[in-house]
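Novice: So the chains spell out like this:
There are 2 protein chains.
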Amino acid sequence: MEKPSLPKGTRDFGPAMMAKRQFIFNNIRTVFQKFGFLPLETPAMENLSTLTGKYGEEGDQLLFKILNSGDFLKDVEDIKLQTKNSKSITFDISEKGLRYDLTVPFARYVVMNRHEISFPFKRYQIQPVWRADRPQKGRYREFYQCDADVVGTNSLLCEAEIILMIKEVFKGLNIQDYAIKINHRGILSGIAEVIGGKGNETALFVAIDKLDKVGEDKVREELQAKGFTAESLNLLFNILNVKGSIVNKMAFLATKFETSTEGQRGLRDLKEVFNILEDYNASQDNVEFDVSLARGLSYYTGCIFEVKINNVSIGSVSGGGRYDNLTQTFGDKENLSGVGFSFGVDRIYDAMEELGLFPKEAQVSSKVLVCHFDEESMRYGLGILKALRDVGISSEIYPDQVKIKKQLDYANKKMIPYTIVIGSDEVKSGLLPLKDMERGEQAKISLEEIIQKIK
Amino acid sequence: MEKPSLPKGTRDFGPAMMAKRQFIFNNIRTVFQKFGFLPLETPAMENLSTLTGKYGEEGDQLLFKILNSGDFLKDVEDIKLQTKNSKSITFDISEKGLRYDLTVPFARYVVMNRHEISFPFKRYQIQPVWRADRPQKGRYREFYQCDADVVGTNSLLCEAEIILMIKEVFKGLNIQDYAIKINHRGILSGIAEVIGGKGNETALFVAIDKLDKVGEDKVREELQAKGFTAESLNLLFNILNVKGSIVNKMAFLATKFETSTEGQRGLRDLKEVFNILEDYNASQDNVEFDVSLARGLSYYTGCIFEVKINNVSIGSVSGGGRYDNLTQTFGDKENLSGVGFSFGVDRIYDAMEELGLFPKEAQVSSKVLVCHFDEESMRYGLGILKALRDVGISSEIYPDQVKIKKQLDYANKKMIPYTIVIGSDEVKSGLLPLKDMERGEQAKISLEEIIQKIK
Numbered sequence: 001m002e003k004p005s006l007p008k009g010t011r012d013f014g015p016a017m018m019a020k021r022q023f024i025f026n027n028i029r030t031v032f033q034k035f036g037f038l039p040l041e042t043p044a045m046e047n048l049s050t051l052t053g054k055y056g057e058e059g060d061q062l063l064f065k066i067l068n069s070g071d072f073l074k075d076v077e078d079i080k081l082q083t084k085n086s087k088s089i090t091f092d093i094s095e096k097g098l099r100y101d102l103t104v105p106f107a108r109y110v111v112m113n114r115h116e117i118s119f120p121f122k123r124y125q126i127q128p129v130w131r132a133d134r135p136q137k138g139r140y141r142e143f144y145q146c147d148a149d150v151v152g153t154n155s156l157l158c159e160a161e162i163i164l165m166i167k168e169v170f171k172g173l174n175i176q177d178y179a180i181k182i183n184h185r186g187i188l189s190g191i192a193e194v195i196g197g198k199g200n201e202t203a204l205f206v207a208i209d210k211l212d213k214v215g216e217d218k219v220r221e222e223l224q225a226k227g228f229t230a231e232s233l234n235l236l237f238n239i240l241n242v243k244g245s246i247v248n249k250m251a252f253l254a255t256k257f258e259t260s261t262e263g264q265r266g267l268r269d270l271k272e273v274f275n276i277l278e279d280y281n282a283s284q285d286n287v288e289f290d291v292s293l294a295r296g297l298s299y300y301t302g303c304i305f306e307v308k309i310n311n312v313s314i315g316s317v318s319g320g321g322r323y324d325n326l327t328q329t330f331g332d333k334e335n336l337s338g339v340g341f342s343f344g345v346d347r348i349y350d351a352m353e354e355l356g357l358f359p360k361e362a363q364v365s366s367k368v369l370v371c372h373f374d375e376e377s378m379r380y381g382l383g384i385l386k387a388l389r390d391v392g393i394s395s396e397i398y399p400d401q402v403k404i405k406k407q408l409d410y411a412n413k414k415m416i417p418y419t420i421v422i423g424s425d426e427v428k429s430g431l432l433p434l435k436d437m438e439r440g441e442q443a444k445i446s447l448e449e450i451i452q453k454i455k
Numbered sequence: 001m002e003k004p005s006l007p008k009g010t011r012d013f014g015p016a017m018m019a020k021r022q023f024i025f026n027n028i029r030t031v032f033q034k035f036g037f038l039p040l041e042t043p044a045m046e047n048l049s050t051l052t053g054k055y056g057e058e059g060d061q062l063l064f065k066i067l068n069s070g071d072f073l074k075d076v077e078d079i080k081l082q083t084k085n086s087k088s089i090t091f092d093i094s095e096k097g098l099r100y101d102l103t104v105p106f107a108r109y110v111v112m113n114r115h116e117i118s119f120p121f122k123r124y125q126i127q128p129v130w131r132a133d134r135p136q137k138g139r140y141r142e143f144y145q146c147d148a149d150v151v152g153t154n155s156l157l158c159e160a161e162i163i164l165m166i167k168e169v170f171k172g173l174n175i176q177d178y179a180i181k182i183n184h185r186g187i188l189s190g191i192a193e194v195i196g197g198k199g200n201e202t203a204l205f206v207a208i209d210k211l212d213k214v215g216e217d218k219v220r221e222e223l224q225a226k227g228f229t230a231e232s233l234n235l236l237f238n239i240l241n242v243k244g245s246i247v248n249k250m251a252f253l254a255t256k257f258e259t260s261t262e263g264q265r266g267l268r269d270l271k272e273v274f275n276i277l278e279d280y281n282a283s284q285d286n287v288e289f290d291v292s293l294a295r296g297l298s299y300y301t302g303c304i305f306e307v308k309i310n311n312v313s314i315g316s317v318s319g320g321g322r323y324d325n326l327t328q329t330f331g332d333k334e335n336l337s338g339v340g341f342s343f344g345v346d347r348i349y350d351a352m353e354e355l356g357l358f359p360k361e362a363q364v365s366s367k368v369l370v371c372h373f374d375e376e377s378m379r380y381g382l383g384i385l386k387a388l389r390d391v392g393i394s395s396e397i398y399p400d401q402v403k404i405k406k407q408l409d410y411a412n413k414k415m416i417p418y419t420i421v422i423g424s425d426e427v428k429s430g431l432l433p434l435k436d437m438e439r440g441e442q443a444k445i446s447l448e449e450i451i452q453k454i455k
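Quick note, the sequences are listed as chains A and B, same order.
Residue numbering for the first sequence follows UniProt numbering, starting at 1 and increasing by one per position.
Residue numbering for the second sequence follows UniProt numbering, starting at 1 and increasing by one per position.
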């Protein structure tokens, strides 16, 4: 029989990884809740009619589709089968798919529950998503997203709170060297306008988005090929290369955007966000106004965010922005404005591992292992075990009659910090040898003293 | 455009349900960890070669299968397509499926990581599973399982600890009226032996398993049809109808099992489990020795468990048992004995809802909503908000400039217990009107006093 294996691009998370992942999740969840966001979970499977057409053609290809149950070929036209036309029969034999992100299921939820929801609706959602992407380092076919969104308000307070939440999560994770990049769709539109690239925005934004990866020359080349003149490109890089403080950049852009209402809208919004941060007494450390930040997704309409951890091989670990048309795609006529962002936990994990940032507490293990020389001492140990657990101390007893060495090995391998070895002496005296496994120290003390020491 | 919908048998969990579910999950997780179990997570998708053949033919039918990506028909034989043979092409166009339970992925994990695991390995796993079952009340196509297993030891301490964990979880959930039923495969085999039903065990156990649902007469009928004589059925019900304390039942069975080593093994194991519970100082309340408990799954080899909450429409909410062949199905030659059980969270949820057992704390909401009359007071409110969050109080500010009534309505709908309404007076004096939304009381106090009161 073949050895079992995992599907490509998927992973098991054993206890050591789980403990670290839970450390990240708990941190994020606590911050989300502290900011008034409420949890939502949606099913792994969605109707394909919900998913398709939302992520572009490439996204549709990357959806994992569920084969219909039963005699799924029954109603498929013969000709489709005879011509082996996989594409054309996909929707005949598959009605459901695995969710590709958390945004579309959230939009579906809002549309379906609009009348029960009190807006503004602040929800967070921490669940895996699936993409049939080619697996590579840092890219998996199953990975977790942690999203927080507010819909039903266009208040820029929400944008400011996103920045605050990111800062607080990173503080909790002890990640210090990072940048929250912020920009605004209006500013990008303004740039397109003033350099004479109106009508050609998509090509422009796609190219700009690559700037920090491929450099100015390549971006120039690409845009020249798309019909941008040398003059407009000079103006473009004159703007993109603006340096200095946030205030300086804004002042510079204001001079460029005299004729662009979109550009002015972008500047006004960003200024307001920074004002709110100030009123909140938040430092602007780690916050960067990045004029070249574009983000691929075309549905953003206002502020956009991206977070990078510095000095690691991983790219962005979080991103988001404001959208005005979340539910329109489901035929909703009322415009619901919203703003949200997403943490990529798998990438944060990899970055923290690379930087050695996981604290020692990011471990799950029992605090105490009760060991025993014989059956009598094991039975006596059960009472000790109960007393420890009764006060909330995670503890276990070695379940078999084996040599003490083997029991202590088990404690070491499982990183259990304390052991209590019980023999006939201990059963008689009630004094127990509590051993600190790391320091090797040992003291014979009473159960009460043990509890005090460990709590 | 069509209104979006959910796939049959799946559900969204909005904030109110999520809070209650998290209450259950947290409780279970805390108990598992207190008993030294460590977390594991496996991917939603497994290779079909891992899943098929593990759940019987019916189970195989209920697996959700993932359609291969790309040109999935390319290599399918023409004849299979021409004859529209759905069944025969299933494995040609689908290599992966969604996990059906947590036991098989756990077994796969153990086989794949055998050399890194320190045995006995105590793992817990809390994840959704998927079954293409016909949806009905209490039966969903996506639902959570919470499993805890110990493998690599045949110590009966583990069985006793399962009972202790169930008791502790139910105590935490305030579920008082329930029964942990325990039986042993050896006792069932012993019964088969002494009534002359050897070789016909499966039919016997399947029939017995229905006893409390369909009653004695129906079970008699069914077994008669399977060839059991009236005499052996009389003996069967003489045994199954044994009444009295655990000790009495055991004494009675011991007289019946004089010639059955299997029956004696069952009694010996159970006696040891009860002895351990006694050494642990655990009461035997809620524990029942149920001779007719059979549980369908044929892979159990020792103790079996089932938990029922009384006076609710839901059946069993937890079950498990000892198995000796967990990893054999993956070609593992070494026998790894293990014992485990599973909580059905969806059923526990339904039962607790039915019994009105969710405490008031099983809510997630902000503690405070900061409300404001105008922009100046909103900006002032941001400082208040920060101060509250800095000490860990979940709080939010209404993000838009709207009437106070609307802001207070929002607090009520979201069950936020406190509000602070800020106007120009408050900005000047720094004294803030903290309102207890439930009692309607209001007091003008300082920020420090507010923090003290709420913490």
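What the hints contain is simulated information worked out from the structure, not anything from laboratory work.
Don't take every hint at face value.
To be verified - Under the rule of at most 27 Å between Cα atoms (straight-line distance), these lysine-lysine pairs were calculated in the DSS-like manner:
no. : chain 1 : residue 1 : chain 2 : residue 2
1   : A       : K333      : B       : K413
2   : A       : K413      : A       : K428
3   : B       : K406      : A       : K333
Novice: The structure should be examined with respect to each hint, and the outcome stated for every one.
Specialist: Here is what the structure says about each hint:
1. Only pairs whose Cα atoms come within 27 Å are accepted, and K333(A) paired with K413(B) is accepted, the gap being roughly 25 Å.
2. For the suggested pair K413(A) and K428(A), the alpha carbons sit about 30 Å apart, so the restraint of at most 27 Å is broken.
3. Taken as a hint, the K406(B) and K333(A) pair is honoured in the structure, with Cα atoms around 23 Å apart against an allowance of 27 Å.
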